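Just so we're aligned, residue 1 is where the sequence shown starts under the UniProt record's numbering, counting upward by one.
No wet-lab data here; the hints were simulated from the structure.
It is possible that part of the hints are untrue.
[Unchecked claim] Ranges between beta-carbon positions, derived for each pair: (1) Ala4 - Tyr80: 26 to 32 Å; (2) Phe10 - Ile69: 16 to 22 Å; (3) Arg6 - Pro27: 16 to 22 Å; (4) Pro3 - Tyr80: 42 to 48 Å; (5) Ala24 - Ile48: 19 to 25 Å; (6) Ile48 - Pro3: 17 to 23 Å; (7) Tyr80 - Val5: 15 to 21 Å; (8) Glu11 - Lys78: 27 to 33 Å; (9) Tyr80 - Ala49: 30 to 36 Å; (10) Ala49 - Ser9: 14 to 20 Å; (11) Ala24 - Phe60: 16 to 22 Å; (12) Thr77 - Glu55: 19 to 25 Å; (13) Leu76 - Glu11: 27 to 33 Å.
Please read all numbers here as calculations on a predicted model, not as lab measurements.
Cβ atoms here follow ideal geometry from the backbone N, Cα and C, with glycine treated the same way.
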Amino acid sequence: MMPAVRDISFERLEEALPAFFIIAFIPLMHSIVDGIAISFISYALFHIALGKWREVKPLFYIVSHLFVIYFILQTLTKTYQGSPLRTHQRSGGLFGTPIKSM
């Protein structure tokens, strides 16, 4: 994978930075999906920020929005897993008593 980095044109940063992000964030986040998602989102955002939003296909923006929703849902589920309101579901009963199986 690293020899392909030489072929990245770093003159166009809206193309080069998302490529760098995918290389950097896959090992940092321990997830290929998360690295690809960050590069999709950053590619769309860089093109919007530079005023080149018409160069990107509408489907790409839709996929980028889906990745943003993916990160939001992932954050919400991790946040609420440790919530005290959910402890009765993990322990079985409301006061920590196990539920008898039938």
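Here's how the hints hold up against the structure:
no., hint, in the structure
1, Ala4 - Tyr80: 26 to 32 Å, "violated, 40 Å"
2, Phe10 - Ile69: 16 to 22 Å, "violated, 31 Å"
3, Arg6 - Pro27: 16 to 22 Å, "holds, 19 Å"
4, Pro3 - Tyr80: 42 to 48 Å, "holds, 43 Å"
5, Ala24 - Ile48: 19 to 25 Å, "holds, 21 Å"
6, Ile48 - Pro3: 17 to 23 Å, "violated, 31 Å"
7, Tyr80 - Val5: 15 to 21 Å, "violated, 39 Å"
8, Glu11 - Lys78: 27 to 33 Å, "violated, 39 Å"
9, Tyr80 - Ala49: 30 to 36 Å, "holds, 33 Å"
10, Ala49 - Ser9: 14 to 20 Å, "holds, 19 Å"
11, Ala24 - Phe60: 16 to 22 Å, "holds, 21 Å"
12, Thr77 - Glu55: 19 to 25 Å, "violated, 35 Å"
13, Leu76 - Glu11: 27 to 33 Å, "violated, 39 Å"
Comparing the model with each numbered hint stated earlier shows that hints 1, 2, 6, 7, 8, 12 and 13 do not hold.
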